[in-house]
Amino acid sequence: MKELQDLARKLLSEGTVKVVIGYEEGPRGARAAFITDPEKADKLIFDTRCVQNLASYLNPRRKQIALLGKPAIVVKGCDARSVAGLLRENQITRDSVVIIAMQCSGVLENPGIESDVELTSENVSVRCGGCDVCEPKLFDHYIKSAHPTVPPVNPKRAEQLAALEKMTPAERWDFWSKELSRCIRCHACREACPMCFCVQCTADKGTPLWIDSSSTPRANRAWQTMRVLHQAGRCVDCMECERACPEHIPLGLLTRYVANSVEKRFDYKAVDDPSVVAPMSVYRPDDDEEFIR
Amino acid sequence: MTQRFLSQAELTALVAELVAAKTRVIAPVRAQDNPEQLDYMPIQKLEEATFGAQVPRRSLKEFFLPATEVLLRYVQTKEGVEIKAAPTEAPPFVIFSATPCDASGLDVVDKVMNWDYKDELWFGRREAATIVSFLCAAMDAVCFCTAVGLGPDSFRGSDVLLVPVEGGYLAHIITPKGEALLKGKGKEEIPASAKAAAEVAQSAAREKVEANLAKIPAEFAGWLAKNFDHPLWKTLSLRCHGCGACASICPTCHCFDIVDEHDSSNEGVRRRNWDSCQTSKFTLHASGHNPRGSQNERFRQRIQHKFSIYPAKFGDILCTGCGRCARACPGGMDLPTIVGELMAMAKAEPEGGSNL
Amino acid sequence: MNIYQPYLMSIKEITDETVDTRTFRLEFKDPEVAEKFTFNAGQFGEYSVFGEGESTFCIASPSTRKGYIECSFKASGKVTRALRRLSVGDTLGFRGPYGNNFPLDNVMKGHNMLFIAGGIGLAPVRSVIWTCLDQRDQFKDVTIVYGARSVGDLVYKRELEEWGKRSDINLCLSVDPGGETPDWKGKIARIPTAVEESGVKAEDTFAVICGPPIMIKFTLPVLTKLGFPADHIYTTLENRMKCGLGKCGRCNIGPTYVCKDGPVFTAAQIRALPQEF
Chain H
51 MKELQDLARK LLSEGTVKVV IGYEEGPRGA RAAFITDPEK ADKLIFDTRC VQNLASYLNP
111 RRKQIALLGK PAIVVKGCDA RSVAGLLREN QITRDSVVII AMQCSGVLEN PGIESDVELT
171 SENVSVRCGG CDVCEPKLFD HYIKSAHPTV PPVNPKRAEQ LAALEKMTPA ERWDFWSKEL
231 SRCIRCHACR EACPMCFCVQ CTADKGTPLW IDSSSTPRAN RAWQTMRVLH QAGRCVDCME
291 CERACPEHIP LGLLTRYVAN SVEKRFDYKA VDDPSVVAPM SVYRPDDDEE FIR
Chain G
107 MTQRFLSQAE LTALVAELVA AKTRVIAPVR AQDNPEQLDY MPIQKLEEAT FGAQVPRRSL
167 KEFFLPATEV LLRYVQTKEG VEIKAAPTEA PPFVIFSATP CDASGLDVVD KVMNWDYKDE
227 LWFGRREAAT IVSFLCAAMD AVCFCTAVGL GPDSFRGSDV LLVPVEGGYL AHIITPKGEA
287 LLKGKGKEEI PASAKAAAEV AQSAAREKVE ANLAKIPAEF AGWLAKNFDH PLWKTLSLRC
347 HGCGACASIC PTCHCFDIVD EHDSSNEGVR RRNWDSCQTS KFTLHASGHN PRGSQNERFR
407 QRIQHKFSIY PAKFGDILCT GCGRCARACP GGMDLPTIVG ELMAMAKAEP EGGSNL
Chain W
2 MNIYQPYLMS IKEITDETVD TRTFRLEFKD PEVAEKFTFN AGQFGEYSVF GEGESTFCIA
62 SPSTRKGYIE CSFKASGKVT RALRRLSVGD TLGFRGPYGN NFPLDNVMKG HNMLFIAGGI
122 GLAPVRSVIW TCLDQRDQFK DVTIVYGARS VGDLVYKREL EEWGKRSDIN LCLSVDPGGE
182 TPDWKGKIAR IPTAVEESGV KAEDTFAVIC GPPIMIKFTL PVLTKLGFPA DHIYTTLENR
242 MKCGLGKCGR CNIGPTYVCK DGPVFTAAQI RALPQEF
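Chains H, G and W supply the protein sequences, listed in that same order.
Residue numbers for the first sequence follow my numbering, so the first one is 51 and each next one is one higher.
Residue numbers for the second sequence follow my numbering, so the first one is 107 and each next one is one higher.
Residue numbers for the third sequence follow my numbering, so the first one is 2 and each next one is one higher.
Treat the hints loosely; a few may be bogus.
[Unchecked claim] In the DSS-like style, the derived pairs of lysine-lysine whose C-alpha atoms are separated by at most 27 Å in a straight line are:
#1 Lys-68/H x Lys-340/G
#2 Lys-261/W x Lys-224/G
#3 Lys-190/G x Lys-79/W
#4 Lys-218/W x Lys-113/H
#5 Lys-67/W x Lys-166/W
#6 Lys-218/W x Lys-387/G
[What the hints assert, rightly or not] Per label pair, the in silico range of CB-to-CB distance:
#7 Pro-104/W x Glu-75/H: 52 to 62 Å
#8 Lys-194/H x Lys-340/G: 30 to 40 Å
#9 Ser-77/W x Glu-139/H: 24 to 34 Å
#10 Gly-399/G x Phe-316/H: 37 to 47 Å
#11 Pro-104/W x Glu-123/G: 57 to 67 Å
#12 Arg-179/G x Ser-331/H: 35 to 45 Å
What the hints contain is simulated information worked out from the structure, not anything from laboratory work.
Positions of the beta carbon are idealized from the N, C-alpha and C atoms, including for glycine.
One chain only, chain H, in its complex shape:
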């Protein structure tokens, strides 16, 4: 952490950046920090409670943050993939942000106030198992961990995905219809997601009206299906959507399932290299498929 704090202090006092977006100690645990004063750089922390993907704060539509000036952002490998996504899709330019990548050994599924919680296969986040970006490649500064370890694997996710894959399409429809019946169309999932940066979301359009805004089974399914398909190939599995959902719908499971489908069909994962093109968001005039030419 000292290395991170020293770096932040340096970047701020030299004027390289105007704000360091990282994590700090909050009253209930780790929370996002916006450090503008080099004297406050020692508030920055990084531990297994640092679950949140901070990349959503780079969204240029967040005016109050953009006003602070050029940011440096603390990212784990998974978060770096979101930054890569924003770069890939021209939402930000590479020189508009300083990326401080942290070597990560996994995070907790339900972080609390305690800071020295060791990760076990029961308390580790379901998305950490099998992580291949513990050492992120997209960075301006890379900070190694004092004691890097491979994150334990939480078996819950594999179980859930296996259960879903065993289902027939009709059973999967019933499963998601039941889960999505709780959706209240608050769109917290969208607001928390780093890749949901559209100025006007299709779900907010009135003319024409694509999806009813009310919480009805039909509209809820339409909304989530649309969002998840818009995320296909772009979602980095940060699970901010699930963390934000006030109805505790397993949205991360839905996005993971679709991401797996994309991997299977297109041999593509959202990676932290912005130069690797994503299959869903790129069009070539000589595409193999005739319908899109």
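Please arrange chains G and W on chain H, whose structure you already have, making use of the hints.
Same frame as chain H, but now just chains G and W:
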């Protein structure tokens, strides 16, 4: 106001009676996806419920102001349009072991729902409901009900408040509905030891939650209004996503949207849906102008509405101190801490300052 | 009947004021309602196209006329575009009257009146103007300063003509420089200038002003210069609304609810509002 003594068996029998009479009974039960959490759900037997434990994840609000409800149905005919307004009478239902913060929240929201125009949809459900609250002793570090003028044994919004004592429950009967619910049930004679034990339990609960946040002084509402343009609003909500999760689980957030939806080419409904001042398009004009164009203004509105505007208009803080918003927020916004910091500022600079 | 249930209205007459502004004359389908309905100038309602939604407009007709109400609108969003697709005889919904009103009866009567409007801003002011003209002997001098970007943008043209012919109204029409037509006989100036040059005196006069925010921004200093105290200048505010009756939590500016404490405010009241509108 009277008191009764009820045994566990009598309470169980009461629920069984209600269920047999086809009255919907709602109580906190262990959540299916996370047994450490509680949800208010319909029950068939008292044993299904978990009493007096932590506050359920979502508030009672959804039983009185659903996330979506039909206001009217319309049919286009050759002669014009026929409309059928939604019924305003609801079948009776009983809520068991509501937390006092949730019950009080209903009482607080009654005020705006009755402001000049009586919202019969809200009050239809309020009139149909009998609410039995339970002394809250399971508050955590986030709760702050006493700070907003309520408490773990508040009577507001409740028809009966149950306090666990040896051998059963001391029931404070607060309203005629409560009286009707417990008519002929339990004993009118309450052992002095039970009364004393209840008082001890109630004041211990109050003390416990009072330690979390000091009572918000009456002048706070005015200080907030005076400091509408204070620079503090520019940095207070940087981490807020504007997701509105806080508003959806809040017992007192009641803001809504009204939309029309087609069911077919000539039939449809007009609905009222939950909405939140935290969302980016809440105040967006058709012209493209947005008076609350950034999260700074939107979060300011949240604080101002709850802690300044509503108290000035209706005499109540639009908050029950249940702490759900702080627990639910994915961005780490912590309302009790924020209110505590603002109160400290108000104390240090009672006339308002220009420095953060 | 719940408070969100609208009256059913029948479109009696459609007038195209300009290329994009249309006026509806609406009659209540229920004769009992038609008989009993009253409102005060300045109040607004929620007009709906069933299946599309509701939209907020002022009532543009005078409170002195019974049995019908009028509204004028521009097609700018989902509901207003749907309103434009309606024809004479079609049914729409109306909830209202909501909000406060111009205090014609208890404050303005017996005094001089100055009406200032720009573009479609004449709609709410027209309600007050006609209510005033229907009781003309209760008011002293009446001055109307109305303008728009161009001749084509002037609304209620037939009535402008009528007012121009009356000797008991000092009417000043103007269009912005560049907006005149070859046969334009009115003034060529922006509203602030037109007001300044109208010869109106501030003494014993109440001003009612409505129009685009920029027009109001530059006209208020003129009125101040002419000697109008801030509490003698009345305007209407618009804000995004849904319920219109103080419950949906959307239209407030600080502690002031535009649907309940407004939409009519004095310049003095507006100055005291938090600047969030």
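Hint check:
1. The hinted pair formed by Lys-68/H and Lys-340/G meets the criterion: a straight-line CA distance of about 15 Å does not exceed 27 Å.
2. Taking the CA atoms of Lys-261/W and Lys-224/G, the gap is about 14 Å. The hint holds against a cut of 27 Å.
3. At roughly 23 Å between alpha-carbon atoms, Lys-190/G and Lys-79/W fall within 27 Å of each other, so this suggested pair holds.
4. Distance restraint check for Lys-218/W and Lys-113/H: the Cα-Cα separation of roughly 26 Å lies within the 27 Å cut-off, and the hinted pair is therefore satisfied.
5. Annotation: proposed proximity of Lys-67/W to Lys-166/W holds, straight-line Cα distance about 25 Å (limit 27 Å).
6. Simply put, Lys-218/W and Lys-387/G have alpha-carbon atoms about 25 Å apart, close enough for the 27 Å limit, and the pair holds.
7. Distance hint check: the CB atoms of Pro-104/W and Glu-75/H are about 56 Å apart, consistent with the given range 52 to 62 Å.
8. The supplied range of 30 to 40 Å is met by Lys-194/H and Lys-340/G, whose beta-carbon atoms lie about 36 Å from each other.
9. Taken as a hint, the range 24 to 34 Å holds for the pair Ser-77/W and Glu-139/H, whose Cβ atoms sit roughly 31 Å apart.
10. Between Gly-399/G and Phe-316/H the beta carbon distance is about 39 Å. The supplied range of 37 to 47 Å therefore holds.
11. Hint check: Pro-104/W to Glu-123/G, Cβ distance near 59 Å, so the stated range 57 to 67 Å holds.
12. Separated by about 42 Å at the C-beta atoms, Arg-179/G and Ser-331/H satisfy the suggested range of 35 to 45 Å.
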